[in-house]
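To convert a position in the sequence shown, counted from 1, into the working numbering, add 4.
If you're looking for bench data, these hints aren't it; they were derived computationally from the structure. Here the structure is a predicted model, which is why all the values come from computation and not from measurement. Cβ atoms here follow ideal geometry from the backbone N, Cα and C, with glycine treated the same way. Mixed in with the good hints there might be a few duds.
[As the list claims (entries may be wrong)] Label pairs and their computed distance ranges (CB to CB): (1) Leu44 to Ala66: 15 to 21 Å; (2) Leu55 to Ala20: 18 to 24 Å; (3) Arg23 to Ala89: 29 to 35 Å; (4) Leu50 to Asp92: 30 to 36 Å; (5) Ile83 to Ala25: 18 to 24 Å; (6) Asp64 to Ala89: 19 to 25 Å; (7) Gly52 to Asp92: 17 to 23 Å; (8) Leu48 to Ala20: 30 to 36 Å; (9) Ala28 to Ile83: 30 to 36 Å; (10) Ala20 to Leu50: 14 to 20 Å.
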Amino acid sequence: MLIPKTTRTRQGERGAIDRAAAEALALRGLAWIAGDDDRLMRFLGLTGTDLDALRARAADPAFLGGVLDCLLGDEGWVIEFAGDAGLDPMLVAAARRQLPGAGQEDHS
5 MLIPKTTRTR
15 QGERGAIDRA
25 AAEALALRGL
35 AWIAGDDDRL
45 MRFLGLTGTD
55 LDALRARAAD
65 PAFLGGVLDC
75 LLGDEGWVIE
85 FAGDAGLDPM
95 LVAAARRQLP
105 GAGQEDHS
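Can you build the whole structure from these sequences, using the hints too?
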């Protein structure tokens, strides 16, 4: 478990994020993944997608939720991404809850 349930962000608390900001954060996560060949190949393998599908779906909120699922599925990745982006890692989980498919995976 990456983030204890007792630290879930509620609307209005520090770290709250809206849908547009969640999509922007997920796009940053996708760029971070794509910026390293090993990470990109792992992402493509884990998701079963290819580069053409990635390009076609990069703006799809459901796909972006999957990007965050992939990040959150590896604690090392989420910590490294958050550090590189200057973000609190908990914000990644908060962003995930704003996108389609949230609740199917428990990253809290």
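**Request:** Just tell me: holds or violated, for the beta carbon distance of Ile83 and Ala25 against 18 to 24 Å?
**Result:** Since Ile83 and Ala25 have Cβ atoms about 20 Å apart, the given range 18 to 24 Å holds.
**Asked** At the C-beta level, are Gly52 and Asp92 separated by a distance inside 17 to 23 Å?
**Response** Check failed, 30 Å falls outside 17 to 23 Å.
**Message:** Does the beta carbon distance between Asp64 and Ala89 stay inside 19 to 25 Å, or does it fall outside?
**Reply:** Since the Cβ atoms of Asp64 and Ala89 sit about 21 Å apart, the hinted range of 19 to 25 Å holds.
**Asked** For the pair Arg23 and Ala89, does the Cβ-Cβ distance stay inside 29 to 35 Å?
**Response** Violated: the Cβ-Cβ distance is about 18 Å, outside 29 to 35 Å.
**Message:** Holds or violated: the 30 to 36 Å window for the beta-carbon distance between Ala28 and Ile83?
**Reply:** violated (20 Å)
**Distance restraint evaluation - Leu50, Asp92, Cβ atoms, bounds 30 to 36 Å** = Violated, since Leu50 and Asp92 (Cβ atoms, about 24 Å apart) do not stay within the stated range.
**Message:** I want to verify a distance hint. Is the separation of the beta carbons of Leu44 and Ala66 within 15 to 21 Å?
**Reply:** holds (20 Å)
**Prompt:** Does the Cβ pair Ala20, Leu50 satisfy 14 to 20 Å?
**Reply:** violated (29 Å)
**Prompt:** Regarding Leu55 and Ala20, is the given constraint of 18 to 24 Å on their beta-carbon distance met?
**Reply:** violated (34 Å)
**Item:** Status of the given 30 to 36 Å range, CB of Ala20 versus CB of Leu48
**Value:** holds (32 Å)
In summary, the numbered hints that this structure violates are 2, 3, 4, 7, 9, 10.
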